[in-house]
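All chains should be modelled from the sequences, with the hints used to inform the complete structure.
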Amino acid sequence: MCFLQCASLLLLIVVTAANNKIYFSEGDNQYWSPESQSFAGNVIERVQMNNLNVDYEKNVIVKGIAQLSVKINKLLVAQTNDNENVIFSPLSITGILHLILMGSSGPTFKEISQLLDLNNEIPDLDERSQMIHEGFGRMLAVINKTAGFQPLETIKIATALFVQQDYPIRAAYKFFAELFYRSSIENVDFRKNSSLAQEYINKWVSEKTQGKINTIIDHPLPTETRVVISNALYFEAEWERHFFEGTATQKYPFYVNGRNSKATIEAYLMGNGGFFPYYKDEELGCTIVGLPYKGNLTTMYVIMPFESSRDRLFEFQSKITANDLNNLVSKTNFTDMIILFPRMKLEDTLDLDKTLKQLGVTSLFNPHQANLGVLSAGTNPQNIAPDLTKTSSIDEIRKSLDNENPGLYATEIVHKVFMDITEKGTTAAASTAVYLSKSGGRVTFKVDVPFMFFIRHDLTETILFWGSIVAPTPNYNIPQ
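For reference, each letter of the sequence shown is one residue, going -18 to -1, 1 to 462 in mature numbering (1 follows the signal peptide of the UniProt record, and there is no 0).
Don't read these hints as lab results, they were simulated from the structure. Predicted, not measured: the structure shown is a model, and the values here were computed from it. Careful: at least some of the hints might be erroneous.
[Stated by the list, open to error] Subject to a maximum C-alpha distance of 30 Å in a straight line, what follows is the list of computed BS3-like cross-link-like pairs (lysine-lysine):
id, residue 1, residue 2
1, 156, 92
2, 40, 313
3, 156, 45
[Said to hold, decoys possible] Here are the simulated distance ranges between beta carbons:
id, residue 1, residue 2, range
4, 309, 206, 43 to 53 Å
5, 329, 201, 16 to 26 Å
6, 312, 206, 47 to 57 Å
From the three backbone atoms N, C-alpha and C, an ideal C-beta is built for every residue, glycine too.
Here it is in structure tokens:
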């Protein structure tokens, strides 16, 4: 059998330079408490009514995730060195951005909504942004629910806000974060015991990623830290059609600079045979193959440009669009194939603050421009709206804030990803080797050159993970 295990963790550290006096808005807290059953009932009823728009998630949210995947990948691959791979979780990154969007106002709200391409889809977004969060919540619920259909597929999405124990988070924000994103709110003490807070958050990370990511914070956080927003995504699944084991997995030369060049490394390639989704696109100049997981609800799509090399892959990715990806997937047909695909263990830690700044999100990291006033009223009493008891949505809260700003801003965004593609089980080695060598009229898909892939939840068309692989890891140097 062959399993793929993936874990992703995105961490946002938000700090404030405000004074340490803490003020609470009792009117705000009393009305927006999750225990307010009448209010909760109204919100849930509205969410259920919005379910009538069944295509909303795909037309706006899922499309935005795919577009963001392409944008981030283009920037990251441009910053890589020789033989460096790029892996990240679009769903994890987008989930955090949506949580920040929900808590933001002013330029921060505008920049994030533009990055997610929400303004083009919803012209009056500042009055209807709650639709986005309701839709995102429904999408997450579908992914979590359908993952349980197959005992050998696990998708777990967890979100938490770690808040300085005496720092006021708006109860409205807390309520909606719990309702739409199933986010938990954890109290820690960054100011008096930063090391203990670090240990507590790392323990949460380890639990939510099944021990695959044990440390996301490798140093005590600054005592000025007020909020840490964390999102973890864990994915484990068995292939619908198992890769063979034994001698079917062998070392092959891997041609980083193309098959016409001299190979400098070797990688283990796993072998498989049977019918797989396949399409050869002459116009785009690439081949796509789908490797479905049990139940065919989730698939890894592998794209290999013609005459691929490191430079050719980057050139291909600089031109490809989110629509191209969807079109490629839609054109695949089950084809009798032999597949040789790398066995990989991939791990990476990315500092995404530079990437987001390049994509236009700059105010979030500027203490004088960031505005997270919907997330918190801050520690200054004049920043707390005197009466929000008549509001019933995030957008109405945002309107009531005027120029109020709690002084929160982001200092760093760290994204950590772990992926492990392995095979388990018992398959006769000798017969497997013979079976793979007799291709007949089959299409052979040998991945011994740079390629890209994305793991997609096909029911919702949501991209969970993304990779641009120049040199599979582990790899082994070939003596020259």
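Checked hints:
Straight-line distance between C-alpha atoms of residue 156 and residue 92 comes to about 22 Å, which keeps the hinted pair within the 30 Å bound. With a C-alpha separation of about 18 Å, the suggested pairing of residue 40 with residue 313 holds against the 30 Å cut-off. Restraint check: the Cα-Cα separation between residue 156 and residue 45 comes to about 27 Å, which is no more than 30 Å; the hinted pair holds. Against the hinted window of 43 to 53 Å, the Cβ-Cβ separation of residue 309 and residue 206 comes to about 48 Å, which satisfies the hint.
Hint check: residue 329 to residue 201, Cβ distance near 19 Å, so the stated range 16 to 26 Å holds. For the pair residue 312 and residue 206, the beta carbons lie near 49 Å from each other, so the given range of 47 to 57 Å is met.
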